[in-house]
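There are 4 protein chains.
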Amino acid sequence: MKSHRIAMLGTGLIADFYTKTLHGQRSRDAVSVVYSRTQERGDAFARRWGIARATTSIDEAIRHPEVDVVVVALPNHLHEETVAAAARAGKAVLCTKPLGRTAAEARRMIDEVERAGVFAGYLEDLCYTPKTLKSIESVRAGAVGDVLWVRSREAHPGPHSAWFWDEKQAGGGCIVDLGCHCIEIIRNFVGKGNRPVEVLCWKDTLVHPITAEDNAIALIRFESGAMGQFEVSWTFRGGMDLRDEVAGTRGTIWLNHFLRTGFEMFTAGAADGYIAEKAETASGWLFPVGDEVAELGYVDMFTDMFDAMEAGRAPRETFRDGYIVNAVMDACFRSVESHGWAKVELEWTGGLAPRIAPTPELLDGQIVVKRELLPDGRAKLILKDPATGVCSDRVM
Amino acid sequence: MKSHRIAMLGTGLIADFYTKTLHGQRSRDAVSVVYSRTQERGDAFARRWGIARATTSIDEAIRHPEVDVVVVALPNHLHEETVAAAARAGKAVLCTKPLGRTAAEARRMIDEVERAGVFAGYLEDLCYTPKTLKSIESVRAGAVGDVLWVRSREAHPGPHSAWFWDEKQAGGGCIVDLGCHCIEIIRNFVGKGNRPVEVLCWKDTLVHPITAEDNAIALIRFESGAMGQFEVSWTFRGGMDLRDEVAGTRGTIWLNHFLRTGFEMFTAGAADGYIAEKAETASGWLFPVGDEVAELGYVDMFTDMFDAMEAGRAPRETFRDGYIVNAVMDACFRSVESHGWAKVELEWTGGLAPRIAPTPELLDGQIVVKRELLPDGRAKLILKDPATGVCSDRVM
Amino acid sequence: MKSHRIAMLGTGLIADFYTKTLHGQRSRDAVSVVYSRTQERGDAFARRWGIARATTSIDEAIRHPEVDVVVVALPNHLHEETVAAAARAGKAVLCTKPLGRTAAEARRMIDEVERAGVFAGYLEDLCYTPKTLKSIESVRAGAVGDVLWVRSREAHPGPHSAWFWDEKQAGGGCIVDLGCHCIEIIRNFVGKGNRPVEVLCWKDTLVHPITAEDNAIALIRFESGAMGQFEVSWTFRGGMDLRDEVAGTRGTIWLNHFLRTGFEMFTAGAADGYIAEKAETASGWLFPVGDEVAELGYVDMFTDMFDAMEAGRAPRETFRDGYIVNAVMDACFRSVESHGWAKVELEWTGGLAPRIAPTPELLDGQIVVKRELLPDGRAKLILKDPATGVCSDRVM
Amino acid sequence: MKSHRIAMLGTGLIADFYTKTLHGQRSRDAVSVVYSRTQERGDAFARRWGIARATTSIDEAIRHPEVDVVVVALPNHLHEETVAAAARAGKAVLCTKPLGRTAAEARRMIDEVERAGVFAGYLEDLCYTPKTLKSIESVRAGAVGDVLWVRSREAHPGPHSAWFWDEKQAGGGCIVDLGCHCIEIIRNFVGKGNRPVEVLCWKDTLVHPITAEDNAIALIRFESGAMGQFEVSWTFRGGMDLRDEVAGTRGTIWLNHFLRTGFEMFTAGAADGYIAEKAETASGWLFPVGDEVAELGYVDMFTDMFDAMEAGRAPRETFRDGYIVNAVMDACFRSVESHGWAKVELEWTGGLAPRIAPTPELLDGQIVVKRELLPDGRAKLILKDPATGVCSDRVM
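Chains as they are written, first to last, in numbering that gives the first Met the number 0: chain A, 0 to 395; chain B, 0 to 395; chain C, 0 to 395; chain D, 0 to 395.
Treat the hints with care, since some could be wrong.
In this list, chains with the same sequence are indistinguishable; a pair is considered to hold if it fits within one copy or across any two.
Listed next, the in silico SDA-like pairs over lysine to any residue satisfying Cα-Cα at most 20 Å (straight line) [claimed, not checked]:
1) K167 to I366
2) K19 to A43
3) K379 to T37
4) K167 to G388
5) K19 to R220
6) K191 to L345
7) K19 to D306
FYI, nobody ran anything at the bench for these hints, they're computed from the structure.
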């Protein structure tokens, strides 16, 4: 029974979620050392989670002899150098989302970990929620047929830490913060071997006094013809809206991860407890989540990472996935600039996905366009003459 | 107490819905004559609804001396000539959606009714659903602040009549059939005085053996900066998905018109009744709608039309609205062709809408980017230095 | 085309709902005279709804020569004498719920209208909601098989007018105010020919400083073996909770009439509009209802009443139904007193309902207790030996 | 870092759920030996879960030298003797629900584990679901004020194993199988120090060809005045209905654990995977659950059990809780027999709970019965004269 000793780089909200998870159900692994820019925040974090050491040196945290796994939970502009340092120190490295600010950064990070031969995992929690994992399994088992369209939406009133709001450190606004989740969720549903071909993106800064976008929508066309659609916002009112929808030739999936999960509470306001991440109000109708770290995928994500490490296999979410996500986001920004569709520029190693092409049913030499059940039990067919293209209907 | 005598042109599903409504709650008005291409269908329709006369001549139906209102419920390619005939006969004319196949057709229809001086109404039922009407009222009362984004989605497994599937008669596929609803719903929420500026559209034929699109998504940028988004599909599985979402600076609205309205039924399949329009299955979990003609807006739509006629005012939905919808759809098709954003070409008479621009709050000379309530009751602020643009956080 | 002239007795919330409906969609009928205890309230009501006359004399309102229909929207203790006066004046009489304060009162009201030979209707709006009507139709068509259990729940923070809180005028607390709805909803689902045999009731005054009950639950056993269950409360927090659930041998129905109907709104609070009856808050997540008078059944209720009047048939909800509801409520109060089940004392004219008794399936001489589908597609059966009663399982 | 070696007694569905959980997230503990009545089933179970030993001797499993914890997952009639054997062997014992078939059995089991001084835990998973745990925390923090009413509902088409259907082995029907969950959920919400005083129960055998009840409803009156209500059924159609509702003086909680948790799927039926426990159909609209063992409470339950064992404290759910649940169920059966309320006969050690009694607000010497916000922002008060008891309303 193996256990791991972890260096946690960062002390923001995400580091809290990660540490809560690591010290929780699996219960074998522990954070040995935490890095923060300031000793004060590091000490507070260490006390909060019962961690032995807090340091203001990234290098010291990484190189600590007890540590075998480095978790990068730092602002985006620090990912590349930190991953490189961890890889060079021979430590397994798990990096939070997005992998880089650009595909170029992500590409170099892949090189570093490959060169060092260390285990690398992409901490994309929302691809590991229990609902998402079971849905992906259903899609692979054919429950919805060929996937035609995936919508992934993440919207809330804006992030908690100052650096997110600074375009240089973050690499962008809500596209980079939230769109990265959506893109990878979409890829999991349309199939990771389905190449993202081109992208159309709209972004705008509608509410907050910042230069980065606070609202964006993008369409991603995949090789099979499937369409991905993401909607991200830092101006949503009402809590955190996390929904995914999948439409296929034979079925539909609707996932709601946060505001409508079968947990509804009205309160006139006496309590003073924490309701849920990004809830806006403390009274009225509230929609808490039972076990946030489980529902948001953190538990299954770290289980997969450690299981993969121990089994010598790749995790479900790799640095290559992070790189593809970055390439799609790069295309989003180019699309905005060019005011049109932009190609996804990418070293693709994922193979070919055939075009969605259902075989039409024939009836008496006519193409069956649609078959519908009438209230009286009869079937109504729309038929198309293959020669003339003229449509007619027939009830039978 | 006035009552109206109606010529119903057409005997398809929509004519059934219209007649059911006209003969229902308001109960003062009645269809006097129905037109169908074949006497057989006309007679069956007349029997079904207790109508005195069925004819195979549009002209005869329009000119019937008892008739004061003509309802055009015909395939799209017949709208222009039929509206013209009704106008020239001096009859009030109510035309189903979309008004034309193109903005040019719609423009000529406006000319005809204006020249004749007859009452004209655009039968856009989904802008009249009770939920939509009350939502629009709430939006106007400021409940959601400035509208930033509207999503309107209409998806089902495809229409019932053969002509819809024929691009020439219909003028397109699901964009023309369903997108017209979505565009006008979006306009009602962003404000009818808010000019649609440009459009981005993706469409594809993914499933059905037809030339028209069976899936499409479009983004519509309005003058205020607000973004409209529609998703339409003839390949949806699971019934009819009719949802609208509105995001504003101060609030959010989610409407679900069909599959999740507080009416849920599981049946092992003994019954043989009609469940709801476009339900796909007759057993398992079903989601019927209580009163379909009311929930889909037909009741309030005709009430508005007749009230407007009697009061000598314009109805909520006019031919001009239909024309703008056509102009947006024209831009959708041009966007697909040009593979990028396309301007909406339009004679605009709706005035100017100012850019959404919230005034940022200041604190000690810093711009407040975000204000958040912490679980312990304190406020956490993200502040931006107006000189340097650097962001920082402060808890107070 | 007939139209009716109505005397509206009462000016409370229910009189507003009734008048809004009567002057709304059907649009043929109108209130000619309104009665209120004070001229001031009567005049205000008349102005609000465009009614020609307001009087403080019930008798004058009833006997007004233009009036052919009397609507009794008065406190419960006035129903008996007012119905009697209307009947003796030869006017059709529609009485709000509950019919009487006791079955004895209700019985005498039946005698009065029968003796006078006037039309009488019981204004039980919640049995006319579009969802309820369609559900009842589905149940009759066999969609859920034999009905086993019906739960009807009505709960809110308490009524609007003072007289409700006075046990003598009202005849009780939330049982009489809300339970009467639930009982009749339950009867519609289990079948009106299914005799309510005995009742078990708990009631308590838990929150409000009153003598009447503010919370109650009752079980009603019907002749078929079906069980009705109602839950009523004047202390519910969060708005108005109106839900019905039906369980049958072949299916399930869940109705939610108010707080979860596909209309969801979050607002930070700028608007100052009326959201929905009995909403508790004006900000946060709100759940408005599209068209309240339609969704709560008022529209279909009055349509049925007038259609019945014109067709010379009984309406769906008669004084006899009101009498049975009173008899069940009487049994509720006796059950509380006797601390056990109480028989429903009732002149029953509704016939016999056979005991629910599915015929068990046999397999190889064994009784099939249950049949279940395994994930691998095989069936798992629980079998019972008819001789020994011993159960075993078999997979096939 | 401690780990445990477990003897799993039983190989039914519940043993699968337990073992899946024990071998899952916590990942430190493992089943060392499994007992089954037949070697064949034991071997299959051992292979399925990678367990070293399968035996047909309960005693051998318990006494195995590696085993420190015995999990009793056997039919109800075997609980008492097996718990006694485990206690006498000095092993920690975790027993599935219900603890006994009667309170007398449960009482003797408490004596056995107390006499032996071994750790004992009551495996009541549904009190450990993440939603339930967070709700209980909110209730204790005052979010809903004083708890007035709790509804707990568990209904499905019937259990999977033959012994459940045999009244002698099980001790009853759905009351014993499902009611035990509901009673303990209710106790967690009203407070474990709140004595259940008396019970009213209805039960019937409506559908299945068995002697035990397949439907039951009970009311449980607690010392504080709070009312618990459970509804259990083995005849529900549509899957597994697991819902809890809590009403308090200041708030409301609604939990839905199974059919409406934000995971909705429509499938035309191509897939052949396992959807969720007790789903009835493999096509149409389905409502799967993300991570069943987590959502149903198994994960948090075993974590609490092992944490308690290691910390030397009692778990959240003890044998004493199981005993109280049995005492309430005993009262249910007595209530059915006596056709009225039945006292809960119980050795109570839980202290006293005061009567719910809000202090009424006074205004100008009048008692405020209700305070309501009008649409125009004014408050409407119902006032009661403390001397006369007469109610009046005032708008201010």
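Hint by hint, where does the structure go against what was stated? Just the numbers, ascending.
5
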